[in-house]
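Enquirer: Residue numbers (this note's numbering), protein chains in the order written: chain A, 20 to 394; chain B, 20 to 394.
Hint data in this document are derived by calculation from the structure and do not stem from the laboratory.
Take the hints with a grain of salt, since some may be wrong.
A pair counts as met if it fits within one copy or between any two copies, since identical chains are not told apart.
[Claimed, not checked] Think about it this way: if two alpha-carbon atoms lie no more than 25 Å apart in a straight line, the pair counts; the simulated SDA-like pairs of lysine to any residue are:
hint : residue 1 : residue 2
1    : Lys322    : Asp236
2    : Lys130    : Pro345
3    : Lys322    : Gly297
4    : Lys382    : Glu320
5    : Lys130    : Asp349
6    : Lys166    : Glu369
7    : Lys393    : Pro22
8    : Lys382    : His361
9    : Lys393    : Asp330
10   : Lys166    : Phe265
11   : Lys393    : Asp54
12   : Lys382    : Glu190
A quick note: this is a predicted structure, and the numbers were derived from the prediction, not measured.
There are 2 protein chains.
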Amino acid sequence: MIPPRRSRTIRIRDLAVGGEAPIAVQSMAATPTRDIEATVRQVELLEAAGADLVRIAVDSEADVEALAIVRGRTRALLSVDLQENYRLAATVAPLVDKIRYNPGHLHHHEKSKPVREKVAMIVGAAREHGLALRIGVNAGSVAPEYKDRFGAEGVEAIVRSALDHCAMVDELGFTDYVVSIKDSDPRLVVDANVAFAEARPDVPLHLGVTEAGMPPDGVIKTRIAFEQLLSRGIGDTLRVSLTVPFDDKGQEIEVGRAILADVEAGRFRSVPPNFFDGLNIIACPSCSRVENTRFIDLAQEVKEVTAYAEDHDFTIAVMGCRVNGPGETDDADLGLWCGPNHVNLKRGEESVGTYTYDEILPKLREELDRLIAKS
Amino acid sequence: MIPPRRSRTIRIRDLAVGGEAPIAVQSMAATPTRDIEATVRQVELLEAAGADLVRIAVDSEADVEALAIVRGRTRALLSVDLQENYRLAATVAPLVDKIRYNPGHLHHHEKSKPVREKVAMIVGAAREHGLALRIGVNAGSVAPEYKDRFGAEGVEAIVRSALDHCAMVDELGFTDYVVSIKDSDPRLVVDANVAFAEARPDVPLHLGVTEAGMPPDGVIKTRIAFEQLLSRGIGDTLRVSLTVPFDDKGQEIEVGRAILADVEAGRFRSVPPNFFDGLNIIACPSCSRVENTRFIDLAQEVKEVTAYAEDHDFTIAVMGCRVNGPGETDDADLGLWCGPNHVNLKRGEESVGTYTYDEILPKLREELDRLIAKS
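Chain A on its own, in the form it takes in the complex (with noise of 0.2 Å):
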């Protein structure tokens, strides 16, 4: 049930992400990277759950030579995550399979340096040792200079910046990365993701909600935002993230495992953010007294020709017979109820008028441009 993805498949050592690839789930040690047994043990305990790929944190030299110890003990692929510290870029290479960088991040440090030549420093670096990159933007720290231009409601600023990211990235000629964009809101990272995959589809997506804290309520938000993505062929990696204490982390591959398969097994379970909002059509299910067949393809119709108006807060009932079509469409704005060769149209308690099953969908219309007009 996912549809195919129209992303670019490039690869992290061994394991290919994008386009036909299987979909690969990914997490991150949260165990401090100088406690080298506390690490290695966290990263196998991710493997163990099915982890493709393991992140690891290095923000000082220290976390560099524990990092070293660590690649020596597991063959698990692993990314290196450079928040401020993209400097250590040509330090860990050698020693990682993957380096994910944030581009809020890199006017900290070298502020007179421009942006470009710290993506160039970090693009070499990852060409130099065979890595794949992660252009990684996230809402909670976009380069002000973007808050500034795009502001800071909306996810135009974050989708920008990653934007123009991708196209540094290709103006150096490298093409092994993939792009996250990160919110602690599930609808922005829908919206974000949606708008940068319009933009940019052959780019790999990593897709994540940041921060989405405590279960359960950090795994619904990711499922609101992975299951919106996933089953519109958005995503190419996925990341959960869920504020559990270390040797719970496995959870967090787990979830996202959960999510992929239903997602791909067609079950779509998570109500989309805005689902209470806008046109609601109603439709009885049908049953002996129905008196004209006509009514179920008269329902999914309704539903097709006032499509136009599906931003209004209307409610158009549907309803297939004399017994419970009257009582039934009276709370709706607008209301259909069949009988053998007619359709009774009401607005609210009041008829409309007695129309065929030819003429009835014109008549709707006219009546549903009629209370668009006055809301």
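Position chain B against the provided structure of chain A, taking the given hints into account.
Expert: Coordinates of chain B only, in the frame set by chain A:
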């Protein structure tokens, strides 16, 4: 994951419903009852899909005659749906296993006869033939006097109507009944059934979202209501209503069974309708940058001590480190970011102060109270 249900167990012939009995899944024939071949095929189709019970509408003597023939050709448990034609109760009772009547339709005929007498007539027919009953209240056809007394908004009219009918049936010494309270809005279905179950935990409940409409919206609406109710231990039998052609009616049973299996397995997936309202706690997933492992407990404690404010639309961010903490708390109404020994408390972008892990929670409550007082 379904909590023990408090309802009593009733019997519909050999089918136990309520208490510890498995939750039964049922549906309704959509074919014209008088089309005997089509109706027999419809019953067989629903049975094959796993229906525990099949409902058939009967509105006329001709329908009764057809039902008699259908009865002879199937061993399925049959319920008869009497809407306005409750006077057929005695005639159909020998042919079926259960009668559904609608309290909102009893005023249509013999207006001078008290409702109590009409109920006694239906109960008498059920008792004589060893049938079960369903008191089936529907928001779209609630009895006018209940609408007048309790208003058309909210769920009081439908809940009171159901409770009064239970009292009437109880007084007649009849206990083999279930109740349903349906609306096309799943949020009202939840509210009504929660209110009813509080008042009458002993009465088995038949759950349904009426006129849910076409898939996928109809499935989503049903899932919202059923997940919310089943996970509270409310609901003893289910009917999914979808606007689909005759031949696809098996889908109603399949969807019902899938929701049931999911909730039983703890796969509680639909988003509670008000998920995005009220207090929003965002918390980072923790990573190696966390300098004090008390962070995870703190996130949990923040959730607990702020629970009293759950109806207020504030965001509280709890971040584990100095790299992401200062920036990613800016957009929250209140932010906490954790250092090795102290927690930094913020109000939006402004710093409130730095507190020990023991001091922070009371300080947070003070700030939250201040926000509430101002809101």
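Enquirer: State the violated hints by number, sorted upward, taking the hints as numbered earlier in the document.
Expert: Numbers 7, 10, 11, 12 - these are the hints that the structure violates, sorted from lowest upward.
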